[in-house]
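Protein chains in written order, with our numbering: chain A, 344 to 675; chain B, 41 to 355; chain C, 1227 to 1541.
Read the hints as simulated data drawn from the structure, not as lab findings.
Bear in mind the structure is a predicted one, so any value in this text is a computation, not a measurement.
Errors might be hidden in some of the hints.
Listed next, the in silico DSSO-like pairs over lysine-lysine satisfying Cα-Cα at most 30 Å (straight line) [stated by the list, open to error]: (1) C:K1424 with B:K327; (2) A:K466 with A:K410; (3) C:K1439 with B:K327; (4) B:K327 with B:K299; (5) A:K410 with A:K471; (6) C:K1439 with C:K1424; (7) A:K606 with B:K57; (8) A:K410 with A:K426; (9) B:K299 with A:K606.
Each pair of labels, with its calculated beta carbon distance range [to be verified]: (10) A:L440 with B:D295: 47 to 57 Å; (11) B:S233 with A:P622: 32 to 42 Å; (12) B:N48 with C:V1354: 50 to 60 Å; (13) C:V1369 with B:E234: 24 to 34 Å; (14) B:A159 with A:H494: 46 to 56 Å; (15) C:T1495 with A:E421: 51 to 61 Å; (16) C:V1267 with A:E421: 35 to 45 Å; (17) B:P316 with A:P640: 55 to 65 Å.
Non-contacting residues of chain B with respect to chain C, defined by C-beta distances greater than 12 Å in every case (computed) [said to hold, decoys possible]: (18) A103; (19) I145; (20) E160; (21) I303.
Think of the CB as a built atom: it goes at the ideal place given N, C-alpha and C, for glycine as much as any other residue.
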Amino acid sequence: MALLEVADLRVTFPTPDGPVQAVRGVSFQVDRGRTLGIVGESGSGKSVSTQTLMGLTQGARVSGSAKFEGRELIGMPEPELRKLRGAQISMIFQDPLSSLHPLYTVGWQIVEAIRLHEPATTKAQARKRAIEQLGLVGIPQPDRRVDDYPHQFSGGMRQRVMIAMALALNPKLIIADEPTTALDATVQAQILDLMIRLQQEFDTALIMITHDLGVIAGMADEVLVMYAGKPVEHAERREIYYAPHHPYTVGLLESVPSVSGAKDRLRPVPGAPPSLLTPPTGCGFHPRCRYAMPRCPVEEPPLIRGSACWLPRDIVGTGPEAARRRSEAAGR
Amino acid sequence: MTALLRVNDVRKYFPIKEGLLIRREVGRVHAVDGVTLEVQPGETLGIVGESGCGKSTLARCIAGLHEVTSGSIEYHGLDRSRGQIQMIFQDPYGSLNPRRRVGSIIADPLVIHRSGTPAERRNRVRELMELVGLNPEHYNRFPAEFSGGQRQRIGIARALALRPRLIVCDEPVSALDVSIQAQVINLLKDLQSELGLTYVFIAHDLSVVRYVSDRVAVMYLGKVVEIAPAEQLYRSPQHPYTNALLSAASVADPDLAAKRERILLTGDVPSPILPPPACRFHPRCPKAAPRCSAEEPLLLGEDHRTACHYPGVMI
Amino acid sequence: MSLIEASSEAEHTPGITPAVRGKGPWQLAWERLQRDRAAMVSLAVICVIVLLAVFAPVFAAVTGHGPQDQFPETGLTPEGLPVGPGSGFWLGADSLGRDLFVRLLYGARVSLLVGVLSTLLATVFGVVTGMLAGFYGGWVDGVLARLLDVVLSFPYLLVAIVLVAALGAGVPLMILVIAFFSFAAMARVVRGQTMAYKEREFVEAARSLGASKLRTMFVDLLPNLVAPVTVLASLLIPTAIVFEATLSFLGLGVDPRTPSWGAILADSTDYYRVAPGLLIFPALLLLITTLAFNLLGDGIRDALDPRSDRLLSRK
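Next up, chain A with everything else stripped away, as it sits in the complex (with noise of 0.2 Å):
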């Protein structure tokens, strides 16, 4: 049994327009000290996805399962939940401003949500582990730190403490939702570099949710790639980069300019993310697939040995010559 079993979840909206059908299937596993990166466009329904564990999807409809050390969160009790989130799961999120309460000291944040889990700690103890925190998570002066408001933080900065913070209770899975997005490059290496680290040392099971495929290159073991609430594509990490099958993949990966420099045409997606309203027919990613064929927009694929595309499994990989088996296949 692993950690973590997602399967079959669905997450609908209801919006004054119709329902919106955020996430629309997706299941997966994670296991302690493995990382799963879920990559997707906005809209991809990845985030809604694991918000939806967290029991802070209000107002959605879940259907679906999801059980964590073999217990079901999905219409599990708030209170139960609550317990769960925080000292068993944590989240880490993209703006760490929005997520730390910007009246109080971080260190009394720290603080109380240890205490909050761990009912037994005194302050001084819990204290002295919210100060060991901060500076595990690279804080220089940590013991004078912990006095200090969110806003007396740098974005990096910030970013670290969520981390201490989301650290605090030793959790088993952290869920980590595009941590980097808002830091600058060189930051961003830094928190990466620190996440890395500490998963090693704590064996954590961690979920890694991005846009950039790039930043997870060096550090999922697997990879989900989602596309118009549906997974496209899952398979280990070196499968992902190296012998992508599925279009949308293959696209993703052909949209960025290539490392050695090379100034070849870029190869984009055509067309727009469709709306979740009203999500395509059959395949969610036909009507922008340069290879779509007629049975694409009938028949939904399934997801088969790591890849939802009705091409042969034997067509993988990026580049022109790939790009030709597949029209050919395609009939194209």
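Here the structure of chain A is known, so what remains is to put chains B and C in place on it, guided by the hints.
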């Protein structure tokens, strides 16, 4: 070849004022602090740097949106009053007025500069929409009905209306989804070769800048620390900050990511209100020596200029 | 690849219906408002009241009772008390034998006139002041903002009483007084909104195109202010109507002979035991009118909610 644009020791300071009724200056943000560079006709000059380095302020100075505090910007054969310098903005949601139809948004520069009759303007708008890959039939729609990528195309069409020669692009793709970014980059490149445009291209994404630029300037805390032809800068970066920046960039290639040595900088970018003396990078620089905190390095060299006492490739 | 091919990379968003003329924000708001039952009922109620006020002379002709005409024979009982509702006097008569129904209709004219005109005046002055303060900032804002503070801290009822006592009662004066005290609230809202919008990129974009300040204010800012201004105006109307009634009740409003809801209410105080209709009908009308305007205002606010923009653009 004469430069299209010459930026001479430009400084832009923003006063920080305090007080309720009588507001007095209590400090200054040194957003751009002595930048000299030139832009050649037909080239793309990329400007990279992290938030707060002054790249957007410099772009706005060049586009004439900010008055410079000191220094000068010389335009050669560029008439700002005829709209020959235009700007493309970062946020495709914020840069279009949500309450106006896209046709009238794109026609704005024509109306403001009293160019053509209403019928001519309408034709020009349709022409522009087609040029940037939008359906001209949609000129009566509102921005909310377009996706992020399409909105950026609307912004580009507007910038092209007066047939400008120089376009300042301020992070034109960083707010877009990855799969859409490439569409806009391709469009910008096509327009450049078709219309002979010159670009000043601001971005924080190093690989995008490398892809579009002929030359690249790296900024740190209001100053240019290195400027060179793009390939040269990426292959043999001389300034320690450029080295760190390049080593920190994420790459969608696990093997490369694993192989790479990252130069991890310590600490954060200092405040531009009280920038460090001499070399501004010295408090974070892995190579810093006593000289660095005493003497400011000049931007030296021919094609490849670096402002460092101890330049050299580190990655 | 040529530009034509490049445009084939353009987006054909499946989520958007291929209507050539897009639904504007106003049209969408109207559609949403139509789904709001309370607001639509309120709108109908307001329309009925407006129609009744407009056709007041028709009702006067039908009943044969002018608003000022006294009917001691038919309107008063032999004991000299007002008659109750019946076929002759639909809602009964008042203490002087005047037709209450007809007077209420004429009173509606005064109430609506004062409510709408004073709000219109307040809106015009409020928008101008607020935009100037918000857009120019600096000392202009300093002076105007303090001025608004002063107006808002006036004890307005006292000032109104003093003004009316000094200058004499009358509809024009009342409209001016009410407008003066409500324009500050409007100006504050507009100032805040202007300051927020001024920072948006589309205003910067307009500047980069060379738009004048006047054009920026009218073409770029004003359309975005319509939503909050409409909401506030629809909430100011009932306030003005109640204020008018209050002043008239105190005998400080319109000329005492002119029928006005406040004055009719004031008349009723001596007779409501024998003729409760004199109290109930004007009070009810006042309540229904203000309630309808308030509910409509709430409905408009919900319909114009900026969230709708986001929903529309959801990918």
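Hint by hint, here is what the structure shows:
{"no.": "1", "hint": "C:K1424 with B:K327", "result": "violated (44 Å)"}
{"no.": "2", "hint": "A:K466 with A:K410", "result": "violated (33 Å)"}
{"no.": "3", "hint": "C:K1439 with B:K327", "result": "violated (50 Å)"}
{"no.": "4", "hint": "B:K327 with B:K299", "result": "holds (22 Å)"}
{"no.": "5", "hint": "A:K410 with A:K471", "result": "violated (34 Å)"}
{"no.": "6", "hint": "C:K1439 with C:K1424", "result": "holds (11 Å)"}
{"no.": "7", "hint": "A:K606 with B:K57", "result": "violated (47 Å)"}
{"no.": "8", "hint": "A:K410 with A:K426", "result": "holds (15 Å)"}
{"no.": "9", "hint": "B:K299 with A:K606", "result": "holds (23 Å)"}
{"no.": "10", "hint": "A:L440 with B:D295: 47 to 57 Å", "result": "violated (36 Å)"}
{"no.": "11", "hint": "B:S233 with A:P622: 32 to 42 Å", "result": "holds (38 Å)"}
{"no.": "12", "hint": "B:N48 with C:V1354: 50 to 60 Å", "result": "violated (42 Å)"}
{"no.": "13", "hint": "C:V1369 with B:E234: 24 to 34 Å", "result": "violated (52 Å)"}
{"no.": "14", "hint": "B:A159 with A:H494: 46 to 56 Å", "result": "holds (55 Å)"}
{"no.": "15", "hint": "C:T1495 with A:E421: 51 to 61 Å", "result": "holds (56 Å)"}
{"no.": "16", "hint": "C:V1267 with A:E421: 35 to 45 Å", "result": "holds (38 Å)"}
{"no.": "17", "hint": "B:P316 with A:P640: 55 to 65 Å", "result": "holds (60 Å)"}
{"no.": "18", "hint": "A103", "result": "violated (5 Å)"}
{"no.": "19", "hint": "I145", "result": "violated (8 Å)"}
{"no.": "20", "hint": "E160", "result": "holds (18 Å)"}
{"no.": "21", "hint": "I303", "result": "holds (34 Å)"}
Hints 1, 2, 3, 5, 7, 10, 12, 13, 18, 19, counting from the list given before, are not met by this structure.
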